[in-house]
Amino acid sequence: MRLRGLIRKEFLQVLRDPSSIAIAFLMPVLLLLLFGYGVSLDAEHVPVALVAEQPNADTESFAGAFRQSRYLSPVGMPGMREAVAAMNNRRVDAIIRLKEDFSRRMRSPDGAAIQVIVNGIDANNARLVQGYVEGVWSKWLQSEALAGGRPLDIPVQVEERVWFNSELKSRNFIVPGLIAIIMTLIGALLTAMVMAREWERGTMEALMVTPVTIREVIVGKLIPYYILGMGGMALSVVMAVGLFGVPLKGSLWVLFLASSLFLLTALGMGMLISVVARNQFVAGQAAIIVTFLPAFILSGFLFDISSMPAPVQVITHAVAARYFIAILQTLFLAGDVWPVILPNAAALILMAGFFLGLARKKSRKSLD
Amino acid sequence: MTLPDVHAITEPGDIALAADGITKKFVSGSREVLALRGVSMKVRRGLVTGLIGPDGAGKTTLMRMAAGLLTPDEGKISVLGIDATRNSLEVQSSIGYMPQRFGLYEDLSVQENLDLYADLKGVSLNDRPGRYRELMTMTGLGPFTSRLAGRLSGGMKQKLGLACTLVNPPRLLILDEPTVGVDPVSRRELWSIVYRLVKDEGMSVLLSTAYLDEAERCDDVIVLHDGKILGSGPPNSFSGPMKGRTYRVSVPSLKNRTLQERLAGRPGVVDALVQGEAVRLVMKDAGLQEAAKLMNGMEGALIEPVAPRFEDSFISLLREDRPAAVQSEAATGKIASAAVSKNGETIIEVKDLQRRFGDFYAVKGVTFGVRRGEVFGLLGANGAGKSTTFRMLCGLLPPSGGKLSVAGVDLRRAAASARARIGYMSQKFSLYGNLSVRQNLDFFSSAYGLSGIRRTEMIEWALRQFGLAPVAGSTSADLPLGFKQRLAMACALMHAPDIIFLDEPTSGVDPLARREFWRRIDSLVEHGVTVLVTTHFMEEAEYCDRMAIMAAGEILAIGSPSEIKSLARTTELPEPTLEDAFIALITGKTEGAAA
Chain H
1 MRLRGLIRKE FLQVLRDPSS IAIAFLMPVL LLLLFGYGVS LDAEHVPVAL
51 VAEQPNADTE SFAGAFRQSR YLSPVGMPGM REAVAAMNNR RVDAIIRLKE
101 DFSRRMRSPD GAAIQVIVNG IDANNARLVQ GYVEGVWSKW LQSEALAGGR
151 PLDIPVQVEE RVWFNSELKS RNFIVPGLIA IIMTLIGALL TAMVMAREWE
201 RGTMEALMVT PVTIREVIVG KLIPYYILGM GGMALSVVMA VGLFGVPLKG
251 SLWVLFLASS LFLLTALGMG MLISVVARNQ FVAGQAAIIV TFLPAFILSG
301 FLFDISSMPA PVQVITHAVA ARYFIAILQT LFLAGDVWPV ILPNAAALIL
351 MAGFFLGLAR KKSRKSLD
Chain U
369 MTLPDVHAIT EPGDIALAAD GITKKFVSGS REVLALRGVS MKVRRGLVTG
419 LIGPDGAGKT TLMRMAAGLL TPDEGKISVL GIDATRNSLE VQSSIGYMPQ
469 RFGLYEDLSV QENLDLYADL KGVSLNDRPG RYRELMTMTG LGPFTSRLAG
519 RLSGGMKQKL GLACTLVNPP RLLILDEPTV GVDPVSRREL WSIVYRLVKD
569 EGMSVLLSTA YLDEAERCDD VIVLHDGKIL GSGPPNSFSG PMKGRTYRVS
619 VPSLKNRTLQ ERLAGRPGVV DALVQGEAVR LVMKDAGLQE AAKLMNGMEG
669 ALIEPVAPRF EDSFISLLRE DRPAAVQSEA ATGKIASAAV SKNGETIIEV
719 KDLQRRFGDF YAVKGVTFGV RRGEVFGLLG ANGAGKSTTF RMLCGLLPPS
769 GGKLSVAGVD LRRAAASARA RIGYMSQKFS LYGNLSVRQN LDFFSSAYGL
819 SGIRRTEMIE WALRQFGLAP VAGSTSADLP LGFKQRLAMA CALMHAPDII
869 FLDEPTSGVD PLARREFWRR IDSLVEHGVT VLVTTHFMEE AEYCDRMAIM
919 AAGEILAIGS PSEIKSLART TELPEPTLED AFIALITGKT EGAAA
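Sequence order for the protein chains is H and U.
Taking the working numbering, I'd label the letters of the first sequence as residues 1 to 368.
Taking the working numbering, I'd label the letters of the second sequence as residues 369 to 963.
By construction, these hints were calculated from the structure, which means they are not laboratory data.
Don't take each hint at face value.
[Stated by the list, open to error] Cβ pair distances, simulated, as ranges: (1) Leu-342/H <-> Ser-492/U: 36 to 42 Å; (2) Thr-391/U <-> Glu-200/H: 40 to 46 Å; (3) Phe-303/H <-> Ser-842/U: 18 to 24 Å; (4) Phe-25/H <-> Pro-497/U: 32 to 38 Å; (5) Leu-342/H <-> Lys-796/U: 26 to 32 Å; (6) Ser-19/H <-> Arg-412/U: 35 to 41 Å; (7) Ser-492/U <-> Ala-22/H: 37 to 43 Å.
[Unchecked claim] No farther apart than 16 Å at their CA atoms in a straight line, the calculated lysine to aspartate or glutamate pairs in the EDC-like style are these: (8) Lys-362/H <-> Glu-216/H; (9) Lys-410/U <-> Glu-458/U; (10) Lys-393/U <-> Asp-368/H; (11) Lys-365/H <-> Glu-458/U; (12) Lys-567/U <-> Asp-587/U; (13) Lys-623/U <-> Glu-645/U.
Just so you know, these numbers come straight off a predicted model, no measurement behind them.
We treat Cβ as the ideally placed atom computed from N, Cα and C, and that holds for glycine.
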């Protein structure tokens with residue numbers, strides 16, 4: 001009866017408090033829209049300057065190949081001077097220069113060379129553009145050779161095939177990761193804040209003098225925010241699949257179990273923060289610094305863990321979101337791949353046990 | 369056959385709560401506070417016991433220990449025969465405890481709050497309807513069960529808090545400052561509920577309060593100060609020794625404040641305080657002669673014995689406790705104020721002032737005027753609109769309607785130029801807690817644009833005048849409340865304003881510090897400074913020349929304390945207190961509205 005009372009109270013409070021609703025439901029929608037539409041790690045329609053020093057049929061055919069690419073949008077420039085100026089103004093991200101002897105040398109045994117200048121400020125982008133240009137170049141060479149009936153003297157043909165995210169859409173990779181971020185927000189940030197609010201408003205003192213046990217107080221917070229967190233997750237999954245067309249290859253029950261494990265870990269962290277932080281400001285700051293930011297940066301959500309410096313890689317092992325994101329990305333893009341899911345799930349079980357246990361141990365029914 | 373002595377507290381069955389040698393220390397940062405030092409006390413069954421003392425005396429700490437929420441460093445506390453520290457859950461299921469802020473969930477409705485506490489306290493579903501009905505009748509909250517607790521008035525919140533505490537009838541009821549900040553009508557209602565619980569349900573009640581006049585309503589009183597018990601027993605055991613030591617004196621040729629200043633601190637005088645047009649005098653020893661001797665040479669002096677109050681004995685207990693500590697010189701010194709004594713001219717004019725927040729009127733149609741050199745009080749419960757009025761007068765909050773001029777300046781147009789002549793001391797003494805006393809003074813003097821010699825002079829003046837020199841280097845957050853209050857006052861006076869606004873200046877400080885504070889105010893007034901003060905302490909309003917009683921954003925009456933009191937004079941009540949008058953005004957208003 002006591003537990004039921006606490007849970008009902010918590011739900012009533014969530015319903016009446018716009019900020020809880022905002023964190024639980026508005027924030028997922030906002031984050032999904034923002035990351036789904038706004039953030040893309042792919043380069044598309046990158047403006048490049050195309051300088052043909054002596055325009056002719058060959059250069060025109062070459063330019064045509066570029067126009068067909070959806071990654072690049074070429075802009076014809078009469079000379080290098082204009083192209084460099086455009087690059088300096090950041091109107092184009094690369095310059096492709098076809099020298100005046102392009103046509104002649106193309107037909108010579110040595111072949112023609114093209115000059116590609118890439119803006120290196122954004123290294124990631126530069127590498128992508130470079131790759132795209134090379135791809136278009138080799139494709140064009142191939143079709144030219146076919147048209148001319150000549151054998152192509154490239155010794156090795158690369159036949160690329162991408163597994164697990166065959167369209168190579170970064171969205172498919174980011175959106176599942178967002179679920180972990182959203183659950184961190186609800187589990188740790190919201191829980192720590194509502195506990196702190198009870199301290200701030202003096203209701204915790206009133207609760208504590210009733211015959212409730214501290215276990216009931218904790219469980220009475222865990223259950224409502226568990227349900228809220230799972231609701232946020234369900235909303236994100238529906239949006240991911242329905243709106244963004246992210247495939248969900250794995251099974252739902254594995255997703256449910258893995259999410260529960262992670263959510264319990266996040267709730268444990270939130271409860272632990274509230275043991276120390278008894279006002280909402282401190283609780284919010286603490287939750288953002290120790291749970292949200294690591295989940296954002298150190299979990300492999302946006303940045304690849306294997307390319308981080310070794311000491312940072314070691315730290316990422318303490319970030320619960322890391323394991324959950326590994327599971328999520330596998331579940332969405334590859335399926336129920338047990339060798340990936342099981343070890344990560346085991347790590348989550350350990351972390352959930354650790355944080356919940358510690359929170360239980362540290363919270364006492366006392367104002368000391 | 370001998371009858372047992374009624375007052376013998378020997379049989380354990382008589383005792384609802386017993387504390388034995390309780391000591392408790394709190395550590396915050398580098399600072400250690402000894403909240404309780406060896407406190408031993410008993411609460412008798414079936415009676416109302418009052419725990420009385422100023423803020424920081426240790427009342428809340430002691431009550432939390434009784435509720436099993438804090439562990440004593442030393443000593444033992446047992447509640448209803450159960451060790452409150454070791455078996456706290458068992459204690460918690462048989463007591464009711466209402467914390468200071470009532471412990472209500474403001475975003476839940478009245479009914480939902482009740483349901484929650486009924487769930488938590490294990491009230492069976494069958495018993496609920498009956499119990500709810502009883503509680504709603506008792507508290508008068510019946511018509512408001514679906515209203516959110518946050519939307520209730522202070523007095524209604526207090527009653528809901530009490531109802532939640534009582535949802536499962538406890539054997540011991542512990543109430544932590546249940547009457548602070550609520551209006552006198554609600555206070556009276558709370559007391560009548562408490563009496564009924566004791567009488568009809570045989571409950572034992574332990575109640576803490578900072579209002580000294582409430583002591584007289586208790587069966588037993590425990591006076592706590594600085595973590596020590598100064599005295600305990602029935603109220604008359606306190607007032608008994610005061611018999612023949614309390615007088616009301618007046619001299620036609622002298623103003624009440626001047627008379628008070630002459631009497632205070634004289635040998636044999638424990639306390640002298642302004643009360644209406646007269647001065648209340650408390651002597652060290654009984655006997656009219658002693659008191660009359662003081663009045664020698666004052667023409668037409670009138671002296672009459674009056675009944676002692678609890679406050680008199682509290683003051684004399686405090687003076688015994690620390691005889692010379694706070695009795696610093698009443699030193700007026702040279703107030704650096706530029707104010708010219710042109711008493712009588714109206715310096716603050718407020719006409720039909722309004723302030724709206726959304727569709728809620730915090731202040732509506734307030735009109736009053738304050739003359740130069742006057743002490744004008746705004747009296748009312750929390751939420752009556754006092755602070756809102758104040759903020760508008762200081763130009764901190766734009767009014768939604770009405771006229772407002774301070775020192776001849778229309779605040780709607782030139783707030784900044786009026787502000788230079790205003791000193792404002794806000795509720796809770798807004799100081800920079802992590803700065804030292806001197807740094808606070810430095811900051812505020814520069815904020816008011818003082819520089820060079822003038823600034824150094826003013827800081828020295830403040831340190832001397834307010835007795836802050838010995839603590840000039842201490843961090844202000846670590847100071848006792850009385851010092852903080854003096855520092856806040858000094859900061860508000862750095863630019864020698866001719867009008868000062870004091871928002872709840874003495875809330876929570878002990879009565880000695882309050883007296884000292886008013887002596888400083890008096891000396892400012894002597895020099896032509898105008899003082900506006902808000903308070904919810906009825907007794908404090910006695911210090912004012914004139915006052916306005918506010919409730920729900922409106923002024924109910926304006927006048928001198930004796931004029932206001934006379935409004936409530938009836939044949940049954942020939943000597944009404946300000947509180948009586950307040951209650952008469954409020955009930956009169958609601959009756960008028962109902963008619």
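**Report entry** Hints violated by the structure (numbers, ascending)
**Finding:** 1, 2, 3, 5, 6 and 9
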